[in-house]
Every structure is written in structure tokens, then in C-alpha cells.
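J.: Given only the sequences and the hints, what does the whole structure look like? Please build it.
Listed here are the chains, written in short residue letters.
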Amino acid sequence: GQQLNQSPQSMFIQEGEDVSMNCTSSSIFNTWLWYKQDPGEGPVLLIALYKAGELTSNGRLTAQFGITRKDSFLNISASIPSDVGIYFCAGRAGTASKLTFGTGTRLQVTL
Amino acid sequence: GAGVSQSPRYKVAKRGQDVALRCDPISGHVSLFWYQQALGQGPEFLTYFQNEAQLDKSGLPSDRFFAERPEGSVSTLKIQRTQQEDSAVYLCASSLVRGDEQYFGPGTRLTVT
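Protein chains in written order, with my numbering: chain A, 1 to 111; chain B, 1 to 113.
Treat the hints as calculated values from the structure; they're not laboratory data. Errors might be hidden in some of the hints.
[To be verified] Beta-carbon label-pair distances, calculated as ranges:
{"no.": "1", "chain 1": "B", "residue 1": "D18", "chain 2": "A", "residue 2": "E15", "range": "42 to 52 Å"}
{"no.": "2", "chain 1": "A", "residue 1": "S27", "chain 2": "B", "residue 2": "V30", "range": "25 to 35 Å"}
{"no.": "3", "chain 1": "A", "residue 1": "K51", "chain 2": "B", "residue 2": "P70", "range": "15 to 25 Å"}
{"no.": "4", "chain 1": "B", "residue 1": "V74", "chain 2": "A", "residue 2": "A93", "range": "25 to 35 Å"}
{"no.": "5", "chain 1": "A", "residue 1": "T24", "chain 2": "B", "residue 2": "T113", "range": "23 to 33 Å"}
{"no.": "6", "chain 1": "B", "residue 1": "Q83", "chain 2": "A", "residue 2": "K51", "range": "37 to 47 Å"}
{"no.": "7", "chain 1": "A", "residue 1": "T24", "chain 2": "B", "residue 2": "S5", "range": "13 to 23 Å"}
{"no.": "8", "chain 1": "B", "residue 1": "S62", "chain 2": "A", "residue 2": "P81", "range": "18 to 28 Å"}
{"no.": "9", "chain 1": "A", "residue 1": "Q14", "chain 2": "B", "residue 2": "A20", "range": "44 to 54 Å"}
{"no.": "10", "chain 1": "A", "residue 1": "V84", "chain 2": "B", "residue 2": "N51", "range": "30 to 40 Å"}
[Unchecked claim] In the DSBU-like style, the derived pairs of lysine-lysine whose C-alpha atoms are separated by at most 35 Å in a straight line are:
{"no.": "11", "chain 1": "B", "residue 1": "K11", "chain 2": "B", "residue 2": "K57"}
{"no.": "12", "chain 1": "A", "residue 1": "K36", "chain 2": "A", "residue 2": "K51"}
{"no.": "13", "chain 1": "A", "residue 1": "K70", "chain 2": "A", "residue 2": "K36"}
{"no.": "14", "chain 1": "A", "residue 1": "K36", "chain 2": "B", "residue 2": "K78"}
{"no.": "15", "chain 1": "B", "residue 1": "K14", "chain 2": "A", "residue 2": "K36"}
{"no.": "16", "chain 1": "B", "residue 1": "K57", "chain 2": "A", "residue 2": "K70"}
{"no.": "17", "chain 1": "B", "residue 1": "K78", "chain 2": "B", "residue 2": "K57"}
{"no.": "18", "chain 1": "B", "residue 1": "K14", "chain 2": "B", "residue 2": "K57"}
{"no.": "19", "chain 1": "B", "residue 1": "K11", "chain 2": "B", "residue 2": "K78"}
{"no.": "20", "chain 1": "B", "residue 1": "K11", "chain 2": "A", "residue 2": "K51"}
{"no.": "21", "chain 1": "A", "residue 1": "K51", "chain 2": "B", "residue 2": "K57"}
{"no.": "22", "chain 1": "B", "residue 1": "K14", "chain 2": "B", "residue 2": "K78"}
{"no.": "23", "chain 1": "A", "residue 1": "K70", "chain 2": "A", "residue 2": "K51"}
{"no.": "24", "chain 1": "A", "residue 1": "K36", "chain 2": "B", "residue 2": "K11"}
Remember, it's a predicted structure, so these values are computed and weren't measured experimentally. Yeah, the Cβ is synthetic: ideal placement off N, Cα and C, and Gly gets one too.
T.: Below is the structure:
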């Protein structure tokens, strides 16, 4: 099935650094969601975006709904060790209820 | 409040066996979704219920996969005659209403030997 393209695939950063990742699609979405998944657990919702151009924050996390509606971005400021995990973007198109997920960005934070 | 729960958390089946995976959504959530997550991949949609009605089953990979939600609450995903390629994590998610944010359970890891 279709999966959205996320980049980078993985990243190693030092504690305290800022992180940026993005998600792109060949088709338009009207909702973008960002999830974090820890090993052996289900995805946990971080941020939801509903409008093109929207910028939303949740603590140290900031996400943006791209103007073209084909992309989204997630920034994490001042990373800490518990930020380690896999980050997935997910999009919802039209009137569909199902989510289409990205390929994931694996984040590792070193002290 | 309680989140989405799934059972069992781990299931090992021999090829050819039937399995049943259970999902208890968040109380009051109308919409329920099943996703399949292969190792190293993002979740992929299988099927969607609104109350007891299965409105979208376009993601079910074969007729060996069957899902039900008879009373609009608990859902069961059944896989008949399991094959090795069915090995994956099966995730359940629920949302209050259609189009709302989806909240996921911990998943059931199925291993077919």
C-alpha cells in the first residue's frame, strides 16, 4: 500500500539540539497527524493539523501543515533522551477516515 | 481514562491455524480502525467501523481476513489459515467521531511459524 515519504530515515543528535523532519506526499491531504512510537508500543498522537499553513505547538514540538497540502514538518527543540523513538507522519485525504502513514524517522539522542 | 486495549499482546501460531485478535476501544468512541504494521514500516490500514457497521474494508489483504464489531464496541480481527506473511503487529485505533484524531492500542504481535 501507499506510504508517505519521510526524511531523514534516521538521525543521531546530541541532547539539547533541535531536530527537524518532514513528510511528503504525491497527493493532497486535508489532515496531517504526527505520532511517536516506542518499541513494543502503539503510536502515540503528538500533534494534529487541519488547515493548510497551520502551525501548531505542543510543548517542545512544533508542526506545520504545508501550503501545498502535500507535506508537513515536525520540529523538536532542545531534545532530551526520552525523545528517542520512531516518529510517523500520517495523512487523511478527502472524506476518507483511514490514515496513510509515512515510512518513519528514527531518532536517537546521545548525551 | 482507560485507553485502547488489545489482547493478546503476543500470539504465536503455526501456519494454517486460525487466530482471533481482540480490541477494546476507548469508551464512547464511535469509530474503530485496524492497521497492520510490518517490521520497520509504518502502519497500513486494514478496515474501519462506525459503530457496528463496517464501512471500509479495502485494506484487508485477502478473504482470509475478517473483522467484526457486532455491538459497536469490542472488535475482533480474525485471520484464517495463517501464512508466514501474516506475521506483523496488528494495531487497533479508535476515535470519538469520524474524522477525529485516532488513538492507538499497544498492538498484538503475531508470529506465524
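J.: Could you run down the list of hints and mark each one as holding or not?
T.: To see whether the hints hold, each was checked on the structure:
1. For the pair D18/B and E15/A, the supplied restraint of 42 to 52 Å holds, since their beta-carbon distance comes to about 48 Å.
2. S27/A and V30/B have their C-beta atoms about 27 Å apart, which keeps the hinted 25 to 35 Å range intact.
3. At roughly 37 Å, the beta-carbon separation of K51/A and P70/B lies outside the given 15 to 25 Å, and the hint is violated.
4. Under the hint 25 to 35 Å, the C-beta atoms of V74/B and A93/A, about 29 Å apart, fit the expected range.
5. In this structure the hint that T24/A and T113/B lie 23 to 33 Å apart at CB is violated, the actual value being about 38 Å.
6. One distance hint, 37 to 47 Å for the beta-carbon pair Q83/B and K51/A, holds here, with the actual separation near 43 Å.
7. At about 34 Å, the CB distance of T24/A to S5/B disagrees with the hint of 13 to 23 Å.
8. With their beta carbons about 42 Å apart, S62/B and P81/A fall outside the hinted range of 18 to 28 Å.
9. Between Q14/A and A20/B the C-beta distance comes to about 46 Å, which sits within the given range of 44 to 54 Å.
10. For the pair V84/A and N51/B, the supplied restraint of 30 to 40 Å holds, since their beta-carbon distance comes to about 38 Å.
11. For the hint linking K11/B to K57/B, the alpha-carbon distance of about 23 Å falls within 35 Å, and the restraint holds.
12. For the hint pairing K36/A with K51/A, the CA-to-CA distance comes to about 21 Å; that is within 35 Å, so the pair holds.
13. Of the pairs offered as hints, the one joining K70/A and K36/A holds, with about 21 Å between alpha carbons and a cut-off of 35 Å not exceeded.
14. With a CA separation close to 27 Å, the supplied pair K36/A and K78/B stays within the 35 Å bound.
15. A hinted pair counts as satisfied when its Cα atoms are at most 35 Å apart, and K14/B with K36/A qualifies at roughly 32 Å.
16. Between K57/B and K70/A the CA atoms are separated by roughly 25 Å; this keeps the pair inside 35 Å, and the hint holds.
17. A hinted pair counts as satisfied when its Cα atoms are at most 35 Å apart, and K78/B with K57/B qualifies at roughly 13 Å.
18. A distance of roughly 26 Å separates the Cα atoms of K14/B and K57/B; the hinted pair therefore holds under the 35 Å criterion.
19. Using a Cα cut-off of 35 Å, the hinted pair K11/B and K78/B holds, with the two alpha carbons roughly 13 Å apart.
20. For the proposed pair K11/B and K51/A, the alpha carbon gap of about 40 Å is over 35 Å, so the pair is violated.
21. With a C-alpha separation of about 28 Å, the suggested pairing of K51/A with K57/B holds against the 35 Å cut-off.
22. Taking the CA atoms of K14/B and K78/B, the gap is about 15 Å. The hint holds against a cut of 35 Å.
23. This hinted pair checks out: K70/A and K51/A have alpha carbons roughly 12 Å apart, not beyond 35 Å.
24. With a C-alpha separation of about 24 Å, the suggested pair K36/A and K11/B falls inside the 35 Å cut-off, and the hint holds.
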